[in-house]
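Assemble the dimeric complex from its two separately framed chains, guided by the hints.
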Amino acid sequence: SQQGEEDPQALSIQEGENATMNCSYKTSINNLQWYRQNSGRGLVHLILIRSNEREKHSGRLRVTLDTSKKSSSLLITASRAADTASYFCATEKNSGYSTLTFGKGTMLLVSP
Amino acid sequence: DSGVTQTPKHLITATGQRVTLRCSPRSGDLSVYWYQQSLDQGLQFLIQYYNGEERAKGNILERFSAQQFPDLHSELNLSSLELGDSALYFCASSVGTSDSDTQYFGPGTRLTVL
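Residue numbers (the numbering used here), protein chains in the order written: chain A, 6 to 117; chain B, 86 to 199.
Chain B extracted, bound-state conformation (with noise of 0.2 Å):
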């Protein structure tokens, strides 16, 4: 168990649809990281926070968005759902920027869009 969370396990929507996709950090982990991971693209960085302020951008997509609140978990909005977002989502939680600090990764939410 990494300590990372995630919420839900799965989710099932339609095409068109908007989820929102929860992370709660290691205790003491300041930056989360959201992955995407699917099987023609690979795993992708998306975003990361750092104690509630945006990071670093990756191929997050347009009709994406994420935000980290103050008690430092986060959140991944993905709207307008089309099949291609199909997918796991990983977050991630390290302690601080630093490249050595390991990145702790959560068990993920499996997306299904129909």
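Chain A with its partners taken away, still in its complex shape (with noise of 0.2 Å):
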């Protein structure tokens, strides 16, 4: 079973607007990362945050994570057409070992 559930399951907007997207996962975990997929292509790792930080930002990549209600957001803000991609969060459960649990992934449309 998924462990994060991303919402929305898609976005579209324009250039230049924000883009946020939040993840929910269900049992403890160790960190929460970010992966951008493009269309049919490998995944990339875009930022990593510990159960023990509540915010992180990368660019123009913002992560929040509260472990309290068991979520995570991703903002990007000022969005490009190039920024066009499936984003999905993982979880690393506090298992011992580094395996990865996926969500859904949010489609996220950028418009020029």
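Hints are supplied without guarantee of correctness; some may be wrong.
If you anchor each label on the Cβ, the simulated ranges turn out as follows [claimed, not checked]:
id, chain 1, residue 1, chain 2, residue 2, range
1, B, Ser123, A, Gln19, 25 to 35 Å
2, A, Glu58, B, Thr100, 41 to 51 Å
3, A, Thr72, B, Thr98, 26 to 36 Å
4, A, Thr72, B, Thr92, 22 to 32 Å
5, A, Thr82, B, Gly101, 49 to 59 Å
6, B, Thr100, A, Gln19, 28 to 38 Å
7, B, Thr98, A, Ala86, 15 to 25 Å
8, A, Arg65, B, Gly101, 40 to 50 Å
9, A, Ala86, B, His95, 24 to 34 Å
10, A, Thr82, B, Ser183, 23 to 33 Å
11, B, Ala99, A, Glu58, 43 to 53 Å
12, B, Thr187, A, Gly45, 20 to 30 Å
Because the hints were derived from the structure by calculation, they are not lab data. Note that the Cβ used here is the ideal one computed from N, Cα and C, for glycine as well.
Here you go:
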């Protein structure tokens, strides 16, 4: 079963707007990661946030983590057409193994 | 380019057949992971190897097996193929087994079972 569930399933915005994607998960985690996947291609790691962190920034990306609500959000500011992709959250459970459980993803379409 | 290579890019075969997917990790990475991505199941972790040894197992079917060789490349063997095995199969690699190690994904092998 999927550990992470992204919301919304799909998001369509204009260039320059901000995009926010949410992820909820079920069990306690060591960290949560966000990945991007361009259509049918491999996943690209974007950012990792540890369970003891609340917020993290990387360029135009801002990730928050609320462990009490078991949720995370990914904010992409000033979006570009090149940001069009599917975005997945992946959780690493506190299991002693570095294995990831992915959600089903949010499909982001950024129109020029 | 992640540095992880996978061959072949596409594979079309018939039900009941057996195929082998190959993965070469990034230079210096000791861990290799296999994932399956399908429309209905999403992206699922199958199995992990670290320096030649099986490290963790996910939702891998008994018809599937994998190994990591001394040169660290890995192969995923899928046998008695069924229509439902049609999917994208990704390999990823990381330096070690720490939960802070980033996994780098290959471009995937698209398997179509007819």
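Evaluated hints:
Remark: the range hint 25 to 35 Å for Ser123(B) to Gln19(A) is upheld by a beta-carbon distance near 32 Å. Checked against the given bound of 41 to 51 Å, the beta carbons of Glu58(A) and Thr100(B), roughly 47 Å apart, stay inside it. In this structure the supplied range 26 to 36 Å is violated for Thr72(A) paired with Thr98(B), their Cβ-Cβ distance being about 44 Å. In this structure, Thr72(A) and Thr92(B) break the distance hint of 22 to 32 Å, their C-beta atoms being roughly 40 Å apart.
About 51 Å separates the C-beta atoms of Thr82(A) and Gly101(B), a value consistent with the hinted range of 49 to 59 Å. Against the hinted window of 28 to 38 Å, the Cβ-Cβ separation of Thr100(B) and Gln19(A) comes to about 46 Å, which falls outside the hint. Under the hint 15 to 25 Å, the C-beta atoms of Thr98(B) and Ala86(A), about 37 Å apart, miss the expected range. For Arg65(A) and Gly101(B), the hinted distance range of 40 to 50 Å is satisfied, since their beta carbons lie about 49 Å from each other.
Our hint of 24 to 34 Å for Ala86(A) and His95(B) holds, since their Cβ atoms are close to 27 Å apart. At roughly 30 Å, the beta-carbon separation of Thr82(A) and Ser183(B) lies within the given 23 to 33 Å, and the hint holds. Between Ala99(B) and Glu58(A) the beta carbon distance is about 49 Å. The supplied range of 43 to 53 Å therefore holds. Separated by about 22 Å at the C-beta atoms, Thr187(B) and Gly45(A) satisfy the suggested range of 20 to 30 Å.
Of the numbered hints given earlier, the model fails hints 3, 4, 6 and 7; all others are met.
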